[in-house]
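Q: Each chain, written out:
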Amino acid sequence: MDIKAYKTTILPLKNKLFRFALGVVKDAAEAQDVVQEVLIKVWDKRAELERINNLEAWCMRLTKNQAIDKLRSKHKRTEDIETTYSLSSSESTPFEKAAIGDAVDRVRKMIENLPPKQRQVIQLRDIEGFSYQEISEALDLSLAQVKTNLFRARQHIKALFLKTESYGL
Amino acid sequence: MDYKDIKALLDQYFEGETSLQEEATLKEYFSQPTIDDRLASYQPLFQYFEEELNIALDDQFDDQLLSKLDTGNQKAKVVSLRMRVVYRVAAAVALIMAAWWSYQSVDTSGIQQQNDQTAIDWSKYEPQSEEEAQEQLAEAFQKLSPKAKIDWSKYEPQTEEEALEITTRAFRKLSSEVSEGTTKATKEVSKVQQLGRYFE
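Protein chains in written order, with this note's numbering: chain A, 1 to 169; chain B, 170 to 369.
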């Protein structure tokens, strides 16, 4: 793969990868670093790219791993500070958070609070439009696991919607 | 699509049983400004999916990334650039050498001389008698078409002058055609020479 092919096939994936990384690290600057690191890695491995079946899913997988690594190293750095100063105590509770902002923001919070696997499956399926197979390759899950996580995530969302409707939140 | 269809799709969606195509239909339905009141509460969910797609990296990202790729592969790039220059120089040298060689090996003045020589002094070959002329002519024609049995007597010239004139005319034609060939060759060589000068 030359730089021209890289620009037309790999570079256009950057925003999808960025959104996914952002979902994991929750910080735009760090998510940007993750994407840059991933895309440099892809360039370095360009000789192997021909053997990869689905480049998009493969790049997404690299992004997921890179983002998790970033999160782990960040946690190591900030763990002590958080426990000492209880930074999170000043933040609103999920209930309070959900009441703030407009309806779309409430949905955002709702999805952010899903268990990681469910949230990632929802993100790849409902935002990025991935097939089950692509999600399976990107998240390193079996097809059955993909379907189970998607089903649980949507049931979760449905329950929250019904609750919101009943309580008028 | 009416309420019933969308409600059915929405139920399937929550059960995880919709295809990508059906999910696209739902997204399209909920992106409309006015929808059925009974479905309005689900609009923010699909709006959220659409809005998330607006999250993007800033414009400087590409330049920053590409500059990092360049630094990482500087060595390889320099080598390839250097090789490209080497190939160009080699090609230029080869062209100049070819031009010089063609200039040196083909001495066109010689061709010009030969060309002048083709204006032959035919008087040397002039037959001395009528018989000799007839004989030479018959021989020449026999060589041209050995199998044909021609009654040469029909073409026999009646006087010595006539015979000489016919023969001279024939050889002149032959001579002019030979000259034409060498003139053409000389022209082509001159063209190559001109081309060669560009490389000098």
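Bear in mind the hints are in silico, worked out from the structure with no lab data behind them. Because the structure is a prediction, the values reported are computed rather than measured. Mixed in with the good hints, there may be bad ones.
[As the list claims (entries may be wrong)] Sample of chain B residues lacking proximity to chain A, with all beta carbon distances greater than 12 Å (derived):
1. L179
2. S188
3. K196
4. D205
5. E219
6. D231
7. I265
8. Q297
9. Q303
10. E304
11. G365
[Stated by the list, open to error] List time: in silico EDC-like cross-link candidates among lysine to aspartate or glutamate, alpha-carbon distance up to 20 Å:
12. K147/A - E191/B
13. K117/A - E191/B
14. K158/A - E330/B
15. K4/A - D69/A
Glycine included, each C-beta is placed from N, C-alpha and C at the ideal position.
Q: Does each hint fit the structure? Answer for all of them.
A: Do the hints match the structure? See the list:
1. Annotated as non-interface, L179/B brings its C-beta within 12 Å of a C-beta of chain A; the closest such distance is 9 Å.
2. In this structure S188/B is not separated from chain A by more than 12 Å, as the shortest Cβ-Cβ distance comes to only about 9 Å.
3. The claim that K196/B is not at the interface with chain A is violated, since a C-beta of that chain comes within 12 Å of its own (minimum 9 Å).
4. With 12 Å as the threshold on Cβ separation, the claim that D205/B sits away from chain A holds: the shortest Cβ distance comes to roughly 15 Å.
5. Once the 12 Å rule is applied to beta carbons, E219/B is inconsistent with being away from chain A; the minimum gap is 9 Å.
6. Interface exclusion of D231/B from chain A breaks down, the closest Cβ pair being 7 Å apart, not more than 12 Å.
7. Look at I265/B: its CB is around 32 Å from the nearest CB on chain A, clear of 12 Å, so calling it non-interface holds up.
8. The claim that Q297/B is not at the interface with chain A holds, since no C-beta of that chain comes within 12 Å of its own (minimum 83 Å).
9. Separation of Q303/B from chain A is adequate, the least Cβ-Cβ distance of about 81 Å exceeding the 12 Å criterion.
10. The claim that E304/B lies off the interface holds: its Cβ sits roughly 80 Å from the closest Cβ of chain A, which is beyond the 12 Å cut-off.
11. Every C-beta of chain A lies more than 12 Å from that of G365/B, the closest at about 37 Å, which supports listing it as non-interface.
12. For the hint pairing K147/A with E191/B, the CA-to-CA distance comes to about 16 Å; that is within 20 Å, so the pair holds.
13. Using a Cα cut-off of 20 Å, the hinted pair K117/A and E191/B is violated, with the two alpha carbons roughly 23 Å apart.
14. Between the alpha carbons of K158/A and E330/B the distance comes to roughly 122 Å, so the proposed pair goes past 20 Å and is violated.
15. This hinted pair does not check out: K4/A and D69/A have alpha carbons roughly 30 Å apart, beyond 20 Å.
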